[in-house]
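Between the sequences and the hints, there should be enough to build the whole structure, so can you do that?
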Amino acid sequence: MIEVLGSEGCRAMDRKTIEILKMPSVLLMENAVFSMVKHFYHLDDILIICGVGNNGGDGVALARHLYFLNKKVRVIVVGSLDKASVDFVCNYNILKNLNVHIILINKDDLNIKTICRNTKIIVDCLFGTGLTRNLNEQYIKIVESMNSSPAYKISIDVPSGLNCDTGEVMGASVKADKTITFQTMKRGFLNYKALSYLGEVIIEPIGIPESILKEVSEGIVMTERADISSLIPKRERFGYKSDYGRVAIIAGSEEYSGAAYLTAQAAVKTGSGLVNLYTHRKIRDSMRNKLNEAMVGVYHLEEEIGEKINSAQVVAIGPGLGTTPEANKLINWVITNYTGKIVIDADGLNVLASQLDILNKCKGDIIVTPHLGEMARLTGKGIDDFNMNRIDIAKEFSNKYGVTVLLKGLYTVIAGENRVYVNPTGNSSMASGGMGDTLTGIIASLIGQGINILDAAKLGSYIHGYIGERLSEEMYSVSATSIIEKIPSYLKELTGG
Numbered sequence: 023m024i025e026v027l028g029s030e031g032c033r034a035m036d037r038k039t040i041e042i043l044k045m046p047s048v049l050l051m052e053n054a055v056f057s058m059v060k061h062f063y064h065l066d067d068i069l070i071i072c073g074v075g076n077n078g079g080d081g082v083a084l085a086r087h088l089y090f091l092n093k094k095v096r097v098i099v100v101g102s103l104d105k106a107s108v109d110f111v112c113n114y115n116i117l118k119n120l121n122v123h124i125i126l127i128n129k130d131d132l133n134i135k136t137i138c139r140n141t142k143i144i145v146d147c148l149f150g151t152g153l154t155r156n157l158n159e160q161y162i163k164i165v166e167s168m169n170s171s172p173a174y175k176i177s178i179d180v181p182s183g184l185n186c187d188t189g190e191v192m193g194a195s196v197k198a199d200k201t202i203t204f205q206t207m208k209r210g211f212l213n214y215k216a217l218s219y220l221g222e223v224i225i226e227p228i229g230i231p232e233s234i235l236k237e238v239s240e241g242i243v244m245t246e247r248a249d250i251s252s253l254i255p256k257r258e259r260f261g262y263k264s265d266y267g268r269v270a271i272i273a274g275s276e277e278y279s280g281a282a283y284l285t286a287q288a289a290v291k292t293g294s295g296l297v298n299l300y301t302h303r304k305i306r307d308s309m310r311n312k313l314n315e316a317m318v319g320v321y322h323l324e325e326e327i328g329e330k331i332n333s334a335q336v337v338a339i340g341p342g343l344g345t346t347p348e349a350n351k352l353i354n355w356v357i358t359n360y361t362g363k364i365v366i367d368a369d370g371l372n373v374l375a376s377q378l379d380i381l382n383k384c385k386g387d388i389i390v391t392p393h394l395g396e397m398a399r400l401t402g403k404g405i406d407d408f409n410m411n412r413i414d415i416a417k418e419f420s421n422k423y424g425v426t427v428l429l430k431g432l433y434t435v436i437a438g439e440n441r442v443y444v445n446p447t448g449n450s451s452m453a454s455g456g457m458g459d460t461l462t463g464i465i466a467s468l469i470g471q472g473i474n475i476l477d478a479a480k481l482g483s484y485i486h487g488y489i490g491e492r493l494s495e496e497m498y499s500v501s502a503t504s505i506i507e508k509i510p511s512y513l514k515e516l517t518g519g
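Okay, so the sequence shown: first residue is 23 according to the numbering used here, each after it adds one.
Just to be clear, a hint being listed does not mean it is correct.
[Unchecked claim] Okay, derived cross-link-like pairs now, DSS-like style, lysine-lysine, Cα gap no bigger than 30 angstroms in a straight line:
(1) Lys-197 / Lys-163
(2) Lys-163 / Lys-142
(3) Lys-44 / Lys-236
(4) Lys-383 / Lys-351
(5) Lys-44 / Lys-118
(6) Lys-256 / Lys-197
(7) Lys-351 / Lys-312
(8) Lys-312 / Lys-263
(9) Lys-44 / Lys-105
(10) Lys-38 / Lys-105
(11) Lys-330 / Lys-312
(12) Lys-94 / Lys-135
(13) Lys-38 / Lys-60
(14) Lys-142 / Lys-38
(15) Lys-236 / Lys-263
(16) Lys-38 / Lys-94
(17) Lys-422 / Lys-236
(18) Lys-105 / Lys-118
(19) Lys-403 / Lys-383
(20) Lys-263 / Lys-385
(21) Lys-256 / Lys-200
(22) Lys-256 / Lys-38
(23) Lys-118 / Lys-142
(24) Lys-256 / Lys-514
(25) Lys-385 / Lys-330
(26) Lys-105 / Lys-135
Simulated from the structure, these hints should not be mistaken for lab results. Remember, predicted model here, so these are calculated numbers, not experimental data.
This is the structure we're talking about:
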């Protein structure tokens, strides 16, 4: 797992590393340079633009390493050396004694735009994680000069001008092609509005021990492949279908039959032993014809559905169900009577939004899987609130109602048990109908196979996005049915089998 930290967490991480390990701060800076220099082996004609803080110190230290690699490197230092950090001055003096080309800018009217235009690579080391104020006019001009250059731009730790905590642009921000950040994911990077400034994000370790990372943790982590692979259920040699879970799905209506099909088929392909779909009577026969490996019945009155689902380990309810009075009664009955695990999605969430108090009467464990629009209806907040603060909103809802929240989107947020997990997989090739229904089926299947809700959410969102990424290498857009067909093979791949 990769910790997700804001500016205060990053400062605490550095401070504790220095205090506990007795590591000089300049050595920590050197570790950062060692971790990133490999990204420059194939590059040349490099302009490094530095502030006079520790982010600038990273830049002048990097210049020294590039000099010893016989790279053409120039350095611009912006700011007064009288105000420079101790570690910056240390590395600056070494670089100066090597006679590397350094241009000092304090308040001079140097035409930095021309310099930026006449280089192949720009490395941005003006500001790091500590920026809290808007850039002044001088720095805005420098950032604009970098952005207007055709050079490939690499930001170190954080694009200068981007708030590490919120992802807000502080007057202006470098638009990087690549951001090399150290040890942790930065919380502000998860703000959708920040994405166009980050480019490709690479997280490089700099020698911070796990014990210190746990001490400064803010309770937010990004999952990695190694974390996920260990969660995939093992298929025992003598396993029987009853060993892999019975999933009940209440989904579909006369208008929305596809949602029911996709949810059920995803559950089948994820490895459920038995899948029972209960759907609208008018689409039952068509579902029976399409779903060869699932059993299909009809939902009627809530009492009747209760008899049908009580033997299931998990119920998924909502995809394509509609918001009719009948749907309302079904959702109410399941939440207040069923004692197993419940996955609520789509229309189930739309019905729930007007009666959230019924969650307090729940007899089972619930996961809700909204997209941003559905989460806005559940919370009464605007979409812009989520752009800035998805993590806190999801965590607050989870804590208030005692449910697990999976808030879908790029960097899906999973909140439960007072922890937050961020999923790194998925891309815009998956922006098509039926993706949410597919994810619901995957998660329900994993829960039925014995995985707890939180782990099923982590694994389900990871495999869903991972397949989408892999398919997008050969497809312009990826459909839900394409995802479903690949679930068995990519689950096998992730187990190392």
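Quick rundown of the hints versus the structure:
| no. | hint | result |
| --- | --- | --- |
| 1 | Lys-197 / Lys-163 | 14 angstroms, holds |
| 2 | Lys-163 / Lys-142 | 20 angstroms, holds |
| 3 | Lys-44 / Lys-236 | 18 angstroms, holds |
| 4 | Lys-383 / Lys-351 | 14 angstroms, holds |
| 5 | Lys-44 / Lys-118 | 28 angstroms, holds |
| 6 | Lys-256 / Lys-197 | 44 angstroms, violated |
| 7 | Lys-351 / Lys-312 | 28 angstroms, holds |
| 8 | Lys-312 / Lys-263 | 21 angstroms, holds |
| 9 | Lys-44 / Lys-105 | 25 angstroms, holds |
| 10 | Lys-38 / Lys-105 | 24 angstroms, holds |
| 11 | Lys-330 / Lys-312 | 21 angstroms, holds |
| 12 | Lys-94 / Lys-135 | 19 angstroms, holds |
| 13 | Lys-38 / Lys-60 | 27 angstroms, holds |
| 14 | Lys-142 / Lys-38 | 38 angstroms, violated |
| 15 | Lys-236 / Lys-263 | 40 angstroms, violated |
| 16 | Lys-38 / Lys-94 | 36 angstroms, violated |
| 17 | Lys-422 / Lys-236 | 25 angstroms, holds |
| 18 | Lys-105 / Lys-118 | 18 angstroms, holds |
| 19 | Lys-403 / Lys-383 | 24 angstroms, holds |
| 20 | Lys-263 / Lys-385 | 27 angstroms, holds |
| 21 | Lys-256 / Lys-200 | 38 angstroms, violated |
| 22 | Lys-256 / Lys-38 | 40 angstroms, violated |
| 23 | Lys-118 / Lys-142 | 23 angstroms, holds |
| 24 | Lys-256 / Lys-514 | 10 angstroms, holds |
| 25 | Lys-385 / Lys-330 | 17 angstroms, holds |
| 26 | Lys-105 / Lys-135 | 25 angstroms, holds |
In summary, the numbered hints that this structure violates are 6, 14, 15, 16, 21 and 22.
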